[in-house]
Structure formats: C-alpha cells, structure tokens
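Number of protein chains: 2
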Amino acid sequence: MKAIAPGATLGILGGGQLGRMIASAAARLGLKVHVFNDTPASPAFALADVTTCAPFTDEAALTAFAGSVDIATYEFENVPREAAALVAGLVPLRPGVGALATTQDRLAEKRFVADLGITTAPFRPVDDAAGLDAALAAIGMPAILKTRRFGYDGKGQAAIRSADDAPTALAAMKGAPAILEGFVDFACELSVVAARSADGSFAAYDICENTHEDHILALTRVPAAVSAETAQRAREIAHAIADALDYVGVFAVELFLTRDASGAEALVVNEIAPRVHNSGHWTDHGAQTSQFEQHVRAVCGWPLGPAGRHGVVEMRNLIGDAVRDWQAHLADPAAYLTLYGKDETRPGRKMGHVTFLRGKG
Amino acid sequence: MKAIAPGATLGILGGGQLGRMIASAAARLGLKVHVFNDTPASPAFALADVTTCAPFTDEAALTAFAGSVDIATYEFENVPREAAALVAGLVPLRPGVGALATTQDRLAEKRFVADLGITTAPFRPVDDAAGLDAALAAIGMPAILKTRRFGYDGKGQAAIRSADDAPTALAAMKGAPAILEGFVDFACELSVVAARSADGSFAAYDICENTHEDHILALTRVPAAVSAETAQRAREIAHAIADALDYVGVFAVELFLTRDASGAEALVVNEIAPRVHNSGHWTDHGAQTSQFEQHVRAVCGWPLGPAGRHGVVEMRNLIGDAVRDWQAHLADPAAYLTLYGKDETRPGRKMGHVTFLRGKG
Numbered sequence: 079m080k081a082i083a084p085g086a087t088l089g090i091l092g093g094g095q096l097g098r099m100i101a102s103a104a105a106r107l108g109l110k111v112h113v114f115n116d117t118p119a120s121p122a123f124a125l126a127d128v129t130t131c132a133p134f135t136d137e138a139a140l141t142a143f144a145g146s147v148d149i150a151t152y153e154f155e156n157v158p159r160e161a162a163a164l165v166a167g168l169v170p171l172r173p174g175v176g177a178l179a180t181t182q183d184r185l186a187e188k189r190f191v192a193d194l195g196i197t198t199a200p201f202r203p204v205d206d207a208a209g210l211d212a213a214l215a216a217i218g219m220p221a222i223l224k225t226r227r228f229g230y231d232g233k234g235q236a237a238i239r240s241a242d243d244a245p246t247a248l249a250a251m252k253g254a255p256a257i258l259e260g261f262v263d264f265a266c267e268l269s270v271v272a273a274r275s276a277d278g279s280f281a282a283y284d285i286c287e288n289t290h291e292d293h294i295l296a297l298t299r300v301p302a303a304v305s306a307e308t309a310q311r312a313r314e315i316a317h318a319i320a321d322a323l324d325y326v327g328v329f330a331v332e333l334f335l336t337r338d339a340s341g342a343e344a345l346v347v348n349e350i351a352p353r354v355h356n357s358g359h360w361t362d363h364g365a366q367t368s369q370f371e372q373h374v375r376a377v378c379g380w381p382l383g384p385a386g387r388h389g390v391v392e393m394r395n396l397i398g399d400a401v402r403d404w405q406a407h408l409a410d411p412a413a414y415l416t417l418y419g420k421d422e423t424r425p426g427r428k429m430g431h432v433t434f435l436r437g438k439g
Numbered sequence: 079m080k081a082i083a084p085g086a087t088l089g090i091l092g093g094g095q096l097g098r099m100i101a102s103a104a105a106r107l108g109l110k111v112h113v114f115n116d117t118p119a120s121p122a123f124a125l126a127d128v129t130t131c132a133p134f135t136d137e138a139a140l141t142a143f144a145g146s147v148d149i150a151t152y153e154f155e156n157v158p159r160e161a162a163a164l165v166a167g168l169v170p171l172r173p174g175v176g177a178l179a180t181t182q183d184r185l186a187e188k189r190f191v192a193d194l195g196i197t198t199a200p201f202r203p204v205d206d207a208a209g210l211d212a213a214l215a216a217i218g219m220p221a222i223l224k225t226r227r228f229g230y231d232g233k234g235q236a237a238i239r240s241a242d243d244a245p246t247a248l249a250a251m252k253g254a255p256a257i258l259e260g261f262v263d264f265a266c267e268l269s270v271v272a273a274r275s276a277d278g279s280f281a282a283y284d285i286c287e288n289t290h291e292d293h294i295l296a297l298t299r300v301p302a303a304v305s306a307e308t309a310q311r312a313r314e315i316a317h318a319i320a321d322a323l324d325y326v327g328v329f330a331v332e333l334f335l336t337r338d339a340s341g342a343e344a345l346v347v348n349e350i351a352p353r354v355h356n357s358g359h360w361t362d363h364g365a366q367t368s369q370f371e372q373h374v375r376a377v378c379g380w381p382l383g384p385a386g387r388h389g390v391v392e393m394r395n396l397i398g399d400a401v402r403d404w405q406a407h408l409a410d411p412a413a414y415l416t417l418y419g420k421d422e423t424r425p426g427r428k429m430g431h432v433t434f435l436r437g438k439g
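Protein chains in written order, with our numbering: chain A, 79 to 439; chain B, 79 to 439.
One chain only, chain A, in its complex shape:
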C-alpha cells in the first residue's frame, strides 16, 4: 500500500453520525473525505468534500468511489459484504472484509470468539422449529433468539422465557437464519474501545460501563466500577480479538460482567463492533486522542495517539426528544455537547450526545 499523507482522500462507506465524526477528525488532519451512502439525508455528507448517494448494490458507483479515494474505511458493520469486497479489490479497505464477514454473522462471530478460548453466552444455530427445540433443550431458558445478520439496537431479537414463546420468537425471525443465545445474568455491561495498527500496535481506552434503555445505549460511565484485574482482562480480550482478526482501526468489544455468589468477576463477550463505537464517544473531549482521530490514524498507517483519559466521564446519548435539552447542556460548564445535524427527531433516534467531564480519576 502506498503511504497516505495529508491531502489524500479517505473514503467512508456509510454516512451516519459515526461517519460524520470520522470525517470531522479526518479533515482536522488535512485529509479530504469522500462519503458513500444510500440515503440523501446522511449526517456525514455535510462534512465531506465529495459525496456519493447510491445504493450499496450500485457497482458502477462503488467502482467510481474506490477510484476517487486513496484509502477506504466503513462506519457501520452492515455494509453489504459484496460492496466492501468490490471496494477492497480496488483500494485498501481498513478494517478489511474479513472483519466484516466475521462480525456480520452472529454465529460466525460467536464461533470465532469461542475458538480463541474466550467466554461467550452459550449458543446454537437455529434454522427452523426443530432446530429451535434442540437449541432450547441444550441451552435452557430464558434464552434469546436473534437473527444472525443485520441486527442492531435490539432489532431482530426475541426473548424466550417459556416454551410458549418459541413459535412467536421463531416467527419474528421471518425465516432468516437465527442463533439462540443463553441468557447471561450480568451484573453490568461493559465495553472496550481500542485501536490496532497494521504494524500490530494496540491502544485501548479505559473500560466503559454501559447502561441500555430499550436496547439502545443510554449512558456510558468511565472508569467502569470493576476490579483492576477485570479491566486488564477486558483489554487482553480485546487485544486477542484484534490480533486474531488482523484488525486495523478502532473497534469495540461489548462484554457482560458477571459476579458469582462470592463476588468473583468474570467476563462474557457479547458482540464485536468493527468500527468506532457509541460507548467511545466520550473520547472526543475526554481522552487525549478521540476514537475518531485514532481510527483515521490507524486506517492511514499513522502512529496511534495516546489513549489517556482526562477525568471522570459520563456520556449520555440524546435519544429522540432528549435533544430538546440542548440549551441546558450548553449552560452546564461540565458538559460537552455534540449534535448530529439530523433534521427529523424520532423516538429512539440518536440525535446527539453529551459528555460530562468531572475532576480527575
């Protein structure tokens, strides 16, 4: 791959708020940005030098996009693998198609993690009613049936608490290949946001403690209230996953923390996100290098920045009407407000976030 220098063009597949914040960081480092997305109202378009609005199945548009950029990345894991592969055949794509292939399919992802000797929830593939019966017999209840692909923020999921729930849950999959996952009785949800370079260097931010509401991330606190050993183990898990994927860029590993009767902590990997991550938004004001700049550095083959934290952090998503509180946040000297420029406020829609930074910790 040729060396990337300021003035080069970074291509971004996907145009949501993650792409918007990557574009902003890229511009700060003197890069030009070309955003490819399939909807006109894409938050990232406003910060791009060049935009392409076309379906991810439009091979001519993807080819032209790849021809116009020096390096490419993606900002969401549901970029169709065929689109990513087409681009990767024409220009370096970081992270690569392999990371997408592994993380787009919950079954492949779970198998990949389990093969590394890292704990996941118990899981079984489910393709039909017979398969679901067998999976329920093996895993027990409660359990969660999920589509293998295209799920996010709780979409494509159905809980099975008793045998009566099974047919409805299976119907909710709409015939898509599914996976049954055992229910994890967790004490809290954590994430590790980290970056890996092509040369194998690795930098993790401090562990995040996450609270979800209606399956959507509501709140991230850093540092997480876990033991130093657990924090270290979480970083090691992220490092092992990144190395095994030969990953380049920023990614997140979502984890469950469990505590047994004696209070001993254990970690269970829930998901890998091959991209900058909502639980890492606090790094924009709260860390020495934001996850967005870190991603750009890694993708361009530049040195990773330091991942130190400036203080005790609380990041709240502004979901739906919560964005109406923007003025109160602007008036709060501890608050750093970021809005995504979305014209339409809808329930459940991420409109922005606010990071509260207090003291040192």
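Keep in mind that the hints were calculated from the coordinates and are not lab data.
Don't take every hint at face value.
[Claimed, not checked] Covered by chain A, per the in silico footprint, the following chain B stretches (three or more residues, Cβ under 8 Å):
| no. | region |
| --- | --- |
| 1 | 105-113 |
| 2 | 381-391 |
| 3 | 408-416 |
Just so you know, these numbers come straight off a predicted model, no measurement behind them.
All C-beta atoms, glycine included, are put in the ideal place defined by N, C-alpha and C.
Starting from the structure of chain A, add chain B where the hints point.
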C-alpha cells in the same frame, strides 16, 4: 432577532482556516453552515453544507447568501465593509459592521482605544510627505509607517529608523492613507482572546505570550510569563474594548508588554482582531471550550462556555515547509495536530498548527 436553534444555518463571510474551524465547531453543535468566499480553493468550503464562491462585490450573491442563512458572522476583518453592511441589512451579522469599521482602519482603531483611556503607541495620520515629516517630528524615530487599511502579517508596513528611510517608506504605501506609529520597545508580545455575548457576559482565556517570525505568529505560550496584575489588567482592557464596541463573538486584543528600569510592567494595545485569532488556536484542545465553539455560542445567542485551561500550552504554527513535520507531531504524545487542508505549500503560508499540552499549570 429570532432565537437560533440547532438545525439553523450559520453564514460565514470568508473561507480560510478560521472559517474552516468555525464551521467544524458549528457542525458539532448541529448547525448547518454556508460559507461565502471569493476563491475556489477555500479551506472552509470542505466543511460547509453550502458554499458560495463569488466576489465580495457581487451584491446578488451576497443577497442570496443572506437570504439562505439564519445568522451570519465573518472570519476575517478585511471583509469589505459594504459587503458586511449589505448582509447586516438582511440578516443579523455578529459581530456587527461597527466592529469592522473600527478595526479595519488603524487610525480609527487607535483613536477608539485611546479614547477609552487605554495606552497605544503614539500615532499620527500620514497622507503625504509633509504629513510624514510632521508626524516624525512629533513621534521621533524609530517609527513604523503602516497603511491604514488591509494590512496583516506585516504587509503594508515600513520601518523608519532614520530620515533617509522616509521617502522609501512613504512610497511603499503606494498612495494609500497611512499612519505613523512610534516604536514600542517591548519586552514581549501578548494577546487576550475573549468572547462577549449580546447580553454582555464576558469570558476571557488566559493571557497568551506570542513570538512572531517575519511578522507572522510563530509561537504562542500560555500562561504568559507576566504578573497576575498584568494578566488582570489585560483582561480588563479586553473587556472595556468589547463593551465599548458592543461586541458579540470572539475577538483578540494584541498587546505589547513593556518593562521599565525598575521592572514595572505596562501594557500597550497594538491591535484589535474582530474574529477568532491565531493565538487562540490552542483553546481547541487546551481549553474547556474552544474559541471556535465559543464564537458560535456567542453569535447564536447561546451561553458562553467555560474558558478554563487544561495545562501548560505551547502552540506552534506550521508555516510553509514546517508542515512536512506532520508525522513527527503525530508521533509525539503531547502534540495535537491540526492541518488546514491546503493543497499548495508556500513560504509564509499557514498550513496548520500543533498544540503541545503538558501537565497542569
């Protein structure tokens, strides 16, 4: 003026790196941005939602620009006053035309400052050879002859060390109205970067100590090595100037610090910049609120953010070929790199800056 909320469009007259960084801050707060500038290769265009490339004398283009924005500002003080006045007649322009009128003319600016009882260098208007002789007789030598308008980074200036220099200096003014300023034997150059809201609230950053090379800012250190009394006096000067201008937005006051034989410090106002300022670039990573966000907050009628400083700051401009050191800066964990996306590197051209943030102080 109607209340401005996220989703509104901020218009920026001027499209250089200052406009680029204002646009970036505005986008983060959910604003749309329309940049008006007269050259296609404008760094701010890349971060704007809408761009207009037209001369500042194009009344139709200015009228269309004003009609498309909810609030307007400018990013350089040499926006033609007629263009600013046209826009201000159609949409709120902050800061206003008055601040431009005062600061575009060195003579008007000096008189304005002197009328506030604030010390400036001695000055006299110079329109011709006879006027220059009279001014030199009054002020003495060395002195500096400057065009009253359109000077920046040392352009339009000529030093007069002996009577022999006078004709050459006058010729360098090319017939433009000029001002003779007495030479100030300064110990160091300082600046105050501050913001004032429409409601009169005021927030100043810590005093900056500036080093120029070839008349261009090379280095800013914060805090400046001055007494607490001098720092307080500098803030008071900036506050008095802002109040007298009924100023809205971020501005800078450039000052000379003099020390007499006993070491007593005094301040002499050199210039007022009615815009975000190069010596305030460190606030982007080194202060609680960047000067760019602060300017947007003030212009939109939103509360000012806190102006606290994160550590001991050194900001270096990357001028001309110095931008080639970008990789070394990326590898320095104390360095925050910002590049302006300019395609062509030229001697004396500001290509970016790097802020070094160390410890606390």
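Assertion that chain A covers the region 408-416 of chain B - criterion: three or more residues, beta-carbon distance below 8 Å
holds (count 5)
Verify this for me: three or more residues of the region 105-113 of chain B with a beta carbon less than 8 Å from a beta carbon of chain A.
With 7 residues in contact (Cβ-Cβ under 8 Å with chain A), the coverage given for the region 105-113 of chain B holds.
Between the region 381-391 of chain B and chain A, see if three or more residues pass the 8 Å beta-carbon test, and mark the coverage as holds or violated.
holds (count 4)
Consistency note: the structure conflicts with none of the earlier hints.
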